[in-house]
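Visitor: The residues making up each chain are set out below.
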Amino acid sequence: MIYRERLFKKELRRSYLDGLSGSRRLFVMCVILALSTFGVHMLLQLAFETALPEYIADFTTPGTFSVMYSFNLTAFVLFAVRLIAKPDAGVLSEFKGNKWYLLSKMGYKTSRILFFKTVVSISAALFVYAAGFAIASAVSGALNYYFTPTYILSFFISGAFGVLLYTELMIFASLASGGGKKNTRIIFLSAFILDWALKLALGYFGIIGDGNLMLSVSNLFSPRISPYGAVRAALVFIMPFFIYSALRKKSGYYLLKNEIGGVIRYGERVFIGPDELEDARRKSLPAILVQTLLAFVLFVSLLCNSVILTASLYSSSGEFSFFGYMPYVFRSATMEPLIYKNDLAVFKKIDSQYPISAGDVVLFKSSPESTEISVMKVTEVRDDKLIVDYLKYPILYSPGSLKETVSRSKIYGIFFAGNRILGTVILLINTLPGRILTILLPAALLIFPRQLMDFMRRLRKSD
Amino acid sequence: MRDNLKNSFEAEAGAKSSFRDFALKAYESIDGDKKENIAVFMQGVSSEEQLRDPRSGELSPLFRNVNLTVSAREIWGISSNELNSARLLTQVIGNMRGYSEGLCQLGPMGTITKKRRITPHIFYIDTHEMLYPGKTVLEQLVFATAAALRFFADAERQAKMLRLLENVGMGYIALSSISDLYDTEKILLELLIASESGSRLIVCDFTAYTFSQAEIAIMANIANRIRYLGKTAVIAAMQPKLIGMVCDNTLFICRGEPIFCGSVEELNKYADKVAFILRDSNPQVLARMLSCLLPGWRIKVSGENLYLYNYTDKQLKIEDFYSLLAENRLTPESVRVNPGRVENSFEELMERYDIQRKTV
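Chains A and B, in that order, are what the protein sequence lines are.
Each number in our numbering corresponds to the 1-based position in the first sequence with 90 added.
Each number in our numbering corresponds to the 1-based position in the second sequence with 139 added.
Just so you know, the hints here were simulated from the structure itself, not pulled from any lab data.
This one's a predicted model, so the numbers in the text were calculated from it and none came from an experiment.
Be aware that a few hints might be false.
[Unchecked claim] Selected chain A positions facing chain B (Cβ under 10 Å, derived; list incomplete): (1) S308; (2) G342; (3) Y343; (4) Y344; (5) L345; (6) L346; (7) K347; (8) T382.
[To be verified] Subject to a maximum C-alpha distance of 20 Å in a straight line, what follows is the list of computed SDA-like cross-link-like pairs (lysine to any residue): (9) K438/A / S499/A; (10) K467/A / P427/A; (11) K253/B / Y343/A; (12) K482/A / Y430/A; (13) K347/A / T258/B; (14) K189/A / G337/B; (15) K199/A / R289/B; (16) K189/A / T323/B.
Ideal Cβ placement from N, Cα and C applies to all residues, glycine included.
Based on the sequences and whatever the hints tell you, model everything.
Guide: Right under this line is the structure:
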């Protein structure tokens, strides 16, 4: 057996070993990407029914219903999460162990190593994206999801450019941070947030959510519609030159592994002992902030869930009273603009003596045994009888045709307050992904913190 | 007040620069042939980094006033009572860090201003992570030397590398995956690769590693190859055994001061005063009797071993020692002439240094 070693082959193999493009790992990543798409798609569909479109109108255009739109969204987030979780993937691993140094000492040209390493990193990312895209398209076709083949090329190109940009950004961040994982994460996270802010500010979601615009690929890059596409394309082509120049500069230096007894303050040339170092670590403000924020999120999500679960256990009919107030997630549009569909509406419990006047929005049941609850506005009060009506009629009904006369004794609640965001949150929590996110994850973090930390440490070691 | 301070700073800076000029002149005055043969020339080098004494708060350089001349084909071992001193000195020699005083001239190339810059003539090793974990040892060696030996056919190059591995005693791991090796074995492979590189000076910081006896033997074989190829190596290590078996010369730093600089043989001769090592099941009785028979000698009991230190001017031959034992009807289980151990020498040097400091 003769070992024939070519640089490109070695670089590919090296990348496999890094876990960047190992065939099994790649396949798993593609499948995860494709399957997560459907989870995200369902959430987006649900979110579209809630208050979300009102708050970020550009983001939730009708195009949100497309599986491919969901795929691109999932791909961006998953790539970002992966790159943040494993900042070593890519070029930095060469620096960390001075592998570059050994090869350069043995007569290899740095420029060739740099070129192949960058090519492999980018092509592996593109492969995951393309294969995931193909799987998601095939599955959505098989499941009869809303799927428009005419947009497919535009979606693919839009997503591919995004993935390219993120991979390049990650490589650049790893170089700019000088090897520190923490700094790499911070730089990349800032770039990721900036990218999304730019997308929103420059109206890019308006293009990818618009079926007519997505028919032509050129619209993605048209500065007249949104300058974002053109700017991103330019960045994707310019970034490799910056990366190459930074890499060339960095690769000329050896990365010292053995520091002298901890950290050296260069100004004073005095060593800091391990105790002082531990103090510094303890006082780290970002760490305290992150921990506090995490604890707060955990507490709130557990509190929300426990309230919702207690409410559903307390009353099988779906009604729950909390200090005389009854919360409902409103699933109809008949009371718009006062109460929108999927809003959280809170009603105050009242007795038969409570004075009701015209204009009040009331809660009643047609009979005490009935499970159907009605909410209508009082238009007139006639002794013991109330004339009630809807605020918004369905399309096929003429105004006033659904007016009802209700006995005062049947009315047991009066509209107190409503909230759009809380309604969205409760609906999302009640879905399966919502439950996992808000119960299982926080519970796991609270119950098994040490085991999770050990697991993360092992993962880091295996990196 | 400020002027005085300024003047004193200027005077100090002037003294430093004048010493540097003096050292540079001394280096320049070396004959052409000899100078070409010098790999590292250090005169009065002190470290910039200082160590703060946690009790007194006093600052002292990690090493000071180091004079060292490393010639081609020499293997130098640097050790210290405190790990950081040896490590930092290796980093200065490897052009990884600067220094505060003196002159450090790296061979004919001089010293580059930019630190950590990868230079063609120095191969610096301080980590075992330079290798690719998915390759076998042979693959890695073939791959690393592929560019340097590109004129050879693949099969020939591979056969050469396999022979090389066998010759240095690493044949048993030739087909093992690098991920399965110990860190110290990886270091040995890196050292072997370095010996095959184009660099003339190999600088190693092995202070973080502990090698087994077999690994030290392999390193000694690699050191022989480095000498054979006309290269030079400077190895920082905290294992006296490694220095004794691998290196020709050694520099030992105790509390920042170089207390020995010379060949390992000289060190053992100068500092290792153990003449004989005896083994007996009842060492205390034997020790008492020998202390009467050998006035001026020191006898140290360690387990079942007795170390006999000769502090007299007179050398005692082994045959005379046997006669002495026979005359007094002493029959220890075994008697060995001390082969010279660097460990003993370092201990002895440190003891002497401490006594000297106390008396001063």
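Visitor: So, as I understand it, the hint says T382/A touches chain B; can you test that by seeing if any CB pair is closer than 10 Å?
Guide: Where the cut-off is 10 Å and the nearest Cβ of chain B is about 34 Å from T382/A, the hint is violated.
Visitor: Verify the proposed pairing of K189/A with G337/B, using a straight-line Cα cut of 20 Å.
Guide: Satisfied, since the Cα-Cα distance of roughly 17 Å is no more than 20 Å.
Visitor: Run the distance test for K347/A versus T258/B: straight-line Cα separation, threshold 20 Å.
Guide: This hinted pair holds, its Cα atoms lying about 18 Å apart.
Visitor: Does the nearest C-beta of chain B fall within a distance shorter than 10 Å of the C-beta of Y343/A?
Guide: holds (5 Å)
Visitor: Just to be careful, I want the Cα atoms of K253/B and Y343/A compared with a cutoff of 20 Å; is the pair within it?
Guide: holds (9 Å)
Visitor: Can you confirm whether the C-alpha distance between K189/A and T323/B stays at or below 20 Å?
Guide: holds (17 Å)
Visitor: For the pair supplied as a hint, K199/A and R289/B, is the alpha-carbon distance within the 20 Å limit?
Guide: holds (14 Å)
Visitor: Going straight from one Cα to the other, do K467/A and P427/A come out at no more than 20 Å?
Guide: Cα-Cα ~12 Å, so holds.
Visitor: Would you settle whether the hint for L346/A is holds or violated, based on the nearest Cβ-Cβ distance to chain B being less than 10 Å?
Guide: This interface hint holds because 6 Å falls under the 10 Å limit.
Visitor: Go through the hint on Y344/A and say holds or violated, using the shortest Cβ distance to chain B against 10 Å.
Guide: holds (5 Å)
Visitor: How about S308/A: closest beta carbon in chain B under 10 Å, or not?
Guide: At 44 Å from the nearest chain B Cβ, S308/A fails the 10 Å test, so the hint is violated.
Visitor: Using 10 Å as the Cβ threshold, decide whether K347/A counts as touching chain B.
Guide: holds (4 Å)
Consistency with the previously given hints fails for numbers 1, 8, ordered from lowest to highest.
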